[in-house]
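Undergrad: Residues per chain, in single letters:
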Amino acid sequence: MEMIQGVQIDLISAERLDRLTAMEKIRLILDDVMEGNIVVLEKGLAPDEQSKLIEITMREITPDGFSGIEMETYPVKESSDGFLAKLFGGKRSEARLTVIGPANQLKTIKKEKDLISAWVSSK
Amino acid sequence: MNLLVRTKQKISQFFNVFFGKRVCRIGIYGPPNAGKTTLANRIVRDWTGDAVGPVSEVPHETRRVRRKQDITITGKNGSSITFDIVDTPGVTTKIDYKEFIEYGLEKEEAVKRAREATEGVAEAMHWLREDIDGVIYMLDATQDPFQQVNIMMVGIIESRKLPILIVANKNDLPDASPARIKSAFPQHPMVAISSLEGTNVDELYEKMTAYFR
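These protein sequences, in sequence, are chains A and B.
Per our numbering, the very first residue in the first sequence carries number 1; after that it's consecutive.
Per our numbering, the very first residue in the second sequence carries number 1; after that it's consecutive.
Isolated chain A, as found in the complex (with noise of 0.2 Å):
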């Protein structure tokens, strides 16, 4: 089969992600965009899991190879959950589609609120 040149974005559903706990998230992550693919995340990862994806990262980058990551989301969306929330003083922070790939690969064209421009090369 002829290869046609380009390159591999894997779509994760939030079912998916719900089902993996915050390591195997990450693992996930990591070694799909390691391999050269951009990861788009239909729910994006909870702030803990961003702190360590950031620290994992940072272990795995090697000279002349992987140099870390480019990742957008959009602002976090802050709803509070109705009576109960307004009393106790509750926030939820919602994740939201989240896109992940290489530094060297995946570059953010322009960032607003509500739309997030990016461009890919192939490696």
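Worth double-checking, as some hints may not be accurate.
[What the hints assert, rightly or not] Pairs of lysine-lysine residues, derived as DSS-like cross-links and limited to a Cα-Cα distance of at most 27 Å, are as follows:
{"hint": "1", "chain 1": "B", "residue 1": "K161", "chain 2": "A", "residue 2": "K43"}
{"hint": "2", "chain 1": "A", "residue 1": "K123", "chain 2": "B", "residue 2": "K94"}
{"hint": "3", "chain 1": "B", "residue 1": "K161", "chain 2": "B", "residue 2": "K182"}
{"hint": "4", "chain 1": "A", "residue 1": "K123", "chain 2": "B", "residue 2": "K98"}
{"hint": "5", "chain 1": "A", "residue 1": "K113", "chain 2": "B", "residue 2": "K161"}
{"hint": "6", "chain 1": "A", "residue 1": "K111", "chain 2": "B", "residue 2": "K182"}
{"hint": "7", "chain 1": "B", "residue 1": "K94", "chain 2": "A", "residue 2": "K111"}
{"hint": "8", "chain 1": "B", "residue 1": "K94", "chain 2": "A", "residue 2": "K113"}
{"hint": "9", "chain 1": "B", "residue 1": "K182", "chain 2": "B", "residue 2": "K76"}
{"hint": "10", "chain 1": "B", "residue 1": "K112", "chain 2": "A", "residue 2": "K123"}
{"hint": "11", "chain 1": "A", "residue 1": "K123", "chain 2": "B", "residue 2": "K107"}
{"hint": "12", "chain 1": "A", "residue 1": "K110", "chain 2": "A", "residue 2": "K43"}
{"hint": "13", "chain 1": "B", "residue 1": "K182", "chain 2": "A", "residue 2": "K107"}
{"hint": "14", "chain 1": "A", "residue 1": "K113", "chain 2": "B", "residue 2": "K182"}
Treat the hints as calculated values from the structure; they're not laboratory data.
Based on these hints, arrange chain B on the given structure of chain A.
TA: Relative to the frame of chain A, chain B by itself:
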């Protein structure tokens, strides 16, 4: 620093040791080259006469977390706080040694700097999860505050329920826009300063004594 302030500091340190109370640790976080070490040096110099670490135009000059203990600052109304200042490496999601070569470093030196920088970022994230009680989030006021790493970091700090004071630095430069930074993070108090020239740092000290109590 006058004798009265010095005496108050000694008394406060004595009580902290006597009652086993841990001093609050304030971390200076932000992207590379925002001026974190310049500010840490200024705070430490202003209140203890010492310094924290070297500064440079080449990104990732700070590659290890550095802590300076027991700094007491006093506001105009006499209220004071004692804290440890924690200067952290600039947080990013990508580091390529070739960037340092563009600043004139030899390849070997650039690769070493990149490796140390990656370790430093990981260390900074670890400190944030374990050992920080309040954050000064420092931004270069001439840069776009909406960069993903800033949105992520502020979200991470908020999720840990730590107080955040946003500092818009490099306000002495002509294209600085503290208003753009305020619009990016309206939920947090902000001070616009120039840590290099010392402009408005008194207001920062006032806010720190009020906010990190």
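Undergrad: Against each hint, give a clear statement of whether it holds in the structure.
TA: To see whether the hints hold, each was checked on the structure:
1. B/K161 with A/K43: holds, 22 Å
2. A/K123 with B/K94: Since the Cα atoms of A/K123 and B/K94 sit roughly 17 Å apart, the hinted pair holds (cutoff 27 Å).
3. B/K161 with B/K182: Roughly 20 Å between the alpha carbons, so the hint for B/K161 and B/K182 holds.
4. A/K123 with B/K98: Holds. A/K123 to B/K98 sits at ~17 Å (cutoff 27 Å).
5. A/K113 with B/K161: holds, 24 Å
6. A/K111 with B/K182: At roughly 18 Å apart (the allowed maximum being 27 Å), B/K182 and A/K111 satisfy the hint.
7. B/K94 with A/K111: Between B/K94 and A/K111 the Cα gap is close to 18 Å, so the pair holds against 27 Å.
8. B/K94 with A/K113: OK: B/K94 and A/K113 at ~23 Å, within 27 Å.
9. B/K182 with B/K76: holds, 25 Å
10. B/K112 with A/K123: holds, 25 Å
11. A/K123 with B/K107: holds, 23 Å
12. A/K110 with A/K43: holds, 21 Å
13. B/K182 with A/K107: holds, 26 Å
14. A/K113 with B/K182: holds, 15 Å
In terms of the numbered hints stated before, the structure departs from none.
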